[in-house]
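Peer 1: Quick note: the sequence shown, position 3, residue 3 per my numbering, numbers continuous.
Note that these hints are calculated values from the structure, not bench results.
Glycine included, every Cβ here is placed at the ideal spot set by N, Cα and C.
Certain hints may be false.
[Said to hold, decoys possible] Here are the simulated distance ranges between beta carbons:
no.: 1; residue 1: Thr-13; residue 2: Asp-93; range: 16 to 22 Å
no.: 2; residue 1: Val-1; residue 2: Thr-21; range: 15 to 21 Å
no.: 3; residue 1: Thr-88; residue 2: Ala-65; range: 34 to 40 Å
no.: 4; residue 1: Ser-61; residue 2: Val-1; range: 26 to 32 Å
no.: 5; residue 1: Gly-81; residue 2: Ile-26; range: 32 to 38 Å
[To be verified] Straight-line C-alpha distance at most 30 Å; calculated DSBU-like pairs for lysine-lysine:
no.: 6; residue 1: Lys-28; residue 2: Lys-73
no.: 7; residue 1: Lys-103; residue 2: Lys-44
no.: 8; residue 1: Lys-84; residue 2: Lys-74
no.: 9; residue 1: Lys-67; residue 2: Lys-112
no.: 10; residue 1: Lys-100; residue 2: Lys-84
no.: 11; residue 1: Lys-67; residue 2: Lys-84
no.: 12; residue 1: Lys-25; residue 2: Lys-84
no.: 13; residue 1: Lys-84; residue 2: Lys-103
no.: 14; residue 1: Lys-73; residue 2: Lys-24
no.: 15; residue 1: Lys-100; residue 2: Lys-48
no.: 16; residue 1: Lys-44; residue 2: Lys-74
no.: 17; residue 1: Lys-70; residue 2: Lys-123
no.: 18; residue 1: Lys-48; residue 2: Lys-29
no.: 19; residue 1: Lys-57; residue 2: Lys-123
no.: 20; residue 1: Lys-24; residue 2: Lys-92
no.: 21; residue 1: Lys-28; residue 2: Lys-48
no.: 22; residue 1: Lys-92; residue 2: Lys-25
no.: 23; residue 1: Lys-44; residue 2: Lys-57
no.: 24; residue 1: Lys-24; residue 2: Lys-74
no.: 25; residue 1: Lys-103; residue 2: Lys-67
no.: 26; residue 1: Lys-103; residue 2: Lys-123
no.: 27; residue 1: Lys-73; residue 2: Lys-25
no.: 28; residue 1: Lys-84; residue 2: Lys-57
no.: 29; residue 1: Lys-67; residue 2: Lys-100
no.: 30; residue 1: Lys-103; residue 2: Lys-74
no.: 31; residue 1: Lys-100; residue 2: Lys-123
no.: 32; residue 1: Lys-74; residue 2: Lys-28
no.: 33; residue 1: Lys-73; residue 2: Lys-57
no.: 34; residue 1: Lys-74; residue 2: Lys-25
no.: 35; residue 1: Lys-92; residue 2: Lys-112
no.: 36; residue 1: Lys-112; residue 2: Lys-123
no.: 37; residue 1: Lys-44; residue 2: Lys-84
no.: 38; residue 1: Lys-44; residue 2: Lys-92
no.: 39; residue 1: Lys-103; residue 2: Lys-48
no.: 40; residue 1: Lys-28; residue 2: Lys-84
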Amino acid sequence: VPLYPFGYGLSYTNFTFAGLTTNKKIYKKEETITVTVNISNTGKYAGKETVQLYVSKPASSVERADKELKAFKKVMVPQDGISKTTLTIPVKDLAYYDVKNSKWVVEPGEYKLLAATSAADIKATCTVTIQ
1 VPLYPFGYGL
11 SYTNFTFAGL
21 TTNKKIYKKE
31 ETITVTVNIS
41 NTGKYAGKET
51 VQLYVSKPAS
61 SVERADKELK
71 AFKKVMVPQD
81 GISKTTLTIP
91 VKDLAYYDVK
101 NSKWVVEPGE
111 YKLLAATSAA
121 DIKATCTVTI
131 Q
């Protein structure tokens, strides 16, 4: 059993996440999801935070991981400041490998996007639909 979850780290300051949004709610397979989240530094010092963006596929027709890391970005946030952070995920990166048909498949349906500081510390979520 790991002592710390994936992506865990320490800081001399505190951060909060708010306003997780996407540029739209429904995507086609050839498009890119653009995700924006506001990171606020509520501590006494300026600091860096690594924003991790995980994706989960509830009710998948195939067995998948609970969540998969799809994007991350380290941002500097001044004391009492806010950083509007943007990450992107090409929809094709949501594909799984179909062994039976020997090809990558993007499963249509709802996907949950999870902004986090580690695999165990989810700060904000939203949902998108893939056609």
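Peer 1: If a hint holds in the structure, say so; if it doesn't, say that too.
Peer 2: Evaluation of the provided hints:
Under the hint 16 to 22 Å, the C-beta atoms of Thr-13 and Asp-93, about 31 Å apart, miss the expected range. Distance hint check for Val-1 and Thr-21: the Cβ-Cβ separation is about 35 Å, which falls outside the suggested range of 15 to 21 Å. Distance hint check for Thr-88 and Ala-65: the Cβ-Cβ separation is about 21 Å, which falls outside the suggested range of 34 to 40 Å. Between Ser-61 and Val-1 the beta carbons are some 31 Å apart, a value that agrees with the proposed interval 26 to 32 Å.
Look at Gly-81 against Ile-26: about 33 Å separates their beta carbons, and that is inside 32 to 38 Å. Between Lys-28 and Lys-73 the alpha-carbon distance is near 25 Å, which keeps this suggested pair within the 30 Å criterion. Pair hint Lys-103 plus Lys-44 does not hold up; C-alpha atoms about 51 Å apart against a cutoff of 30 Å. For the given pair, Lys-84 sits about 12 Å from Lys-74 by alpha-carbon distance, which is consistent with the 30 Å threshold.
Simply put, Lys-67 and Lys-112 have alpha-carbon atoms about 9 Å apart, close enough for the 30 Å limit, and the pair holds. With a C-alpha separation of about 42 Å, the suggested pair Lys-100 and Lys-84 falls outside the 30 Å cut-off, and the hint is violated. Under the criterion of a C-alpha separation no larger than 30 Å, the hint pairing Lys-67 with Lys-84 is consistent with the structure, at around 24 Å. Simply put, Lys-25 and Lys-84 have alpha-carbon atoms about 19 Å apart, close enough for the 30 Å limit, and the pair holds.
Among the hinted pairs, Lys-84 with Lys-103 is inconsistent with the structure: their alpha-carbon atoms are about 37 Å apart, more than 30 Å. Among the hinted pairs, Lys-73 with Lys-24 is consistent with the structure: their alpha-carbon atoms are about 21 Å apart, no more than 30 Å. For the hint pairing Lys-100 with Lys-48, the CA-to-CA distance comes to about 44 Å; that exceeds 30 Å, so the pair is violated. Distance restraint check for Lys-44 and Lys-74: the Cα-Cα separation of roughly 19 Å lies within the 30 Å cut-off, and the hinted pair is therefore satisfied.
For the hint pairing Lys-70 with Lys-123, the CA-to-CA distance comes to about 16 Å; that is within 30 Å, so the pair holds. Between Lys-48 and Lys-29, the direct Cα distance comes to roughly 33 Å. Violation of the 30 Å bound is thereby established for this hinted pair. Taking the CA atoms of Lys-57 and Lys-123, the gap is near 18 Å; set against the 30 Å cutoff, the hint holds. Taking the CA atoms of Lys-24 and Lys-92, the gap is about 16 Å. The hint holds against a cut of 30 Å.
For the suggested pair Lys-28 and Lys-48, the alpha carbons sit about 34 Å apart, so the restraint of at most 30 Å is broken. For the proposed pair Lys-92 and Lys-25, the alpha carbon gap of about 16 Å is at most 30 Å, so the pair holds. Distance restraint check for Lys-44 and Lys-57: the Cα-Cα separation of roughly 38 Å exceeds the 30 Å cut-off, and the hinted pair is therefore not satisfied. Taken as a hint, the Lys-24 and Lys-74 pair is honoured in the structure, with Cα atoms around 24 Å apart against an allowance of 30 Å.
As the CA atoms of Lys-103 and Lys-67 are separated by approximately 21 Å, the hinted pair is consistent with the 30 Å bound. Annotation: proposed proximity of Lys-103 to Lys-123 is violated, straight-line Cα distance about 34 Å (limit 30 Å). Straight-line distance between C-alpha atoms of Lys-73 and Lys-25 comes to about 22 Å, which keeps the hinted pair within the 30 Å bound. About 26 Å separates the Cα atoms of Lys-84 and Lys-57, which keeps this hinted pair within 30 Å; it holds.
Taking the CA atoms of Lys-67 and Lys-100, the gap is near 23 Å; set against the 30 Å cutoff, the hint holds. Among the hinted pairs, Lys-103 with Lys-74 is inconsistent with the structure: their alpha-carbon atoms are about 33 Å apart, more than 30 Å. A distance of roughly 37 Å separates the Cα atoms of Lys-100 and Lys-123; the hinted pair therefore is violated under the 30 Å criterion. Proximity of Lys-74 to Lys-28 is assessed by CA-CA distance (about 28 Å); at most 30 Å being required, the pair is judged to hold.
Straight-line distance between C-alpha atoms of Lys-73 and Lys-57 comes to about 22 Å, which keeps the hinted pair within the 30 Å bound. With a C-alpha separation of about 25 Å, the suggested pairing of Lys-74 with Lys-25 holds against the 30 Å cut-off. Distance hint between Lys-92 and Lys-112 is fulfilled; the C-alpha atoms sit about 15 Å from each other, no more than 30 Å. Between Lys-112 and Lys-123 the CA atoms are separated by roughly 13 Å; this keeps the pair inside 30 Å, and the hint holds.
For the suggested pair Lys-44 and Lys-84, the alpha carbons sit about 20 Å apart, so the restraint of at most 30 Å is met. Between Lys-44 and Lys-92, the direct Cα distance comes to roughly 41 Å. Violation of the 30 Å bound is thereby established for this hinted pair. With a C-alpha separation of about 39 Å, the suggested pair Lys-103 and Lys-48 falls outside the 30 Å cut-off, and the hint is violated. Between the alpha carbons of Lys-28 and Lys-84 the distance comes to roughly 26 Å, so the proposed pair stays at or under 30 Å and holds.
In summary, the structure is inconsistent with hints 1, 2, 3, 7, 10, 13, 15, 18, 21, 23, 26, 30, 31, 38, 39 from the numbered list given earlier, while agreeing with the others.
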